[in-house]
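> Between the sequences and the hints, there should be enough to build the whole structure, so can you do that?
First to last, the sequence lines map onto chains V and W.
Using UniProt numbering, read the first sequence as starting at 1 and increasing by one per residue.
Using UniProt numbering, read the second sequence as starting at 1 and increasing by one per residue.
This list has only true hints and no planted wrong ones.
Calculated pairs, DSS-like style, for lysine-lysine (alpha carbon to alpha carbon, straight line, at most 25 Å):
1. Lys20/V - Lys55/V
2. Lys55/W - Lys55/V
3. Lys14/W - Lys55/W
4. Lys14/W - Lys55/V
5. Lys14/V - Lys55/W
6. Lys20/W - Lys55/W
Keep in mind the hints are simulated off the structure, nothing from the lab.
None of these values were measured; they are calculated from a predicted model.
Number of protein chains: 2
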Amino acid sequence: MELELRVKTAELLKVVRLEKGLSQERLARMSGIDRTFISGVERCCRNITLDTLDKLLQALETDRSGFLIRLAVLVAT
Amino acid sequence: MELELRVKTAELLKVVRLEKGLSQERLARMSGIDRTFISGVERCCRNITLDTLDKLLQALETDRSGFLIRLAVLVAT
DNA sequence: ATGTAGACTTACGTCGACA
DNA sequence: GTGTCGACGTAAGTCTACA
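Next comes the structure, spelled out in structure tokens:
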């Protein structure tokens with residue numbers, strides 16, 4: 001399926017954000033990424049770059065390795 | 001470290017391409033991504049989006065899940 | 001707190017050419 | 001076969017404002 005990676009990443013980003021108890025607003029301030037863009041990413045209207053994804057992961061205090069493994073599981077199903 | 005995700009992804013993309021015995025030229029034709037851009041990505045001068053990464057993985061006939069796990073290992077070290 | 005809309009700047013990604 | 005350069009169109013990412 002096309003777009004699979006983007007869709008699953010969007011899903012997982014939102015899950016992790018909620019796990020951390022953060023609002024889009026707070027994540028935006030912490031990551032330096034615009035809130036409206038984060039909104040678009042989570043609803044999968046926006047195609048994110050690796051650098052921007054990296055910034056979000058850092059702000060979420062999620063280690064990259066763990067995120068990638070969770071993503072691998074999501075993508076496999 | 002900043003850019004970690006991008007750097008490690010670039011590394012792994014090149015490794016996988018060589019494992020498959022493909023040239024940048026051939027990968028470009030197969031994926032529909034421009035050769036000069038692939039060159040830039042592998043040398044980490046370019047910041048790729050998830051959709052473009054996905055296209056490259058499909059052309060490389062690498063399952064997304066396996067790639068993400070290898071990437072997780074690379075990023076962890 | 002989130003979604004959307006528009007206007008804006010920068011970088012992604014394409015293409016042709018040459019070392 | 002790869003790196004690089006320059007030019008180009010489109011989409012990434014910012015920002016303000018309103019529901």
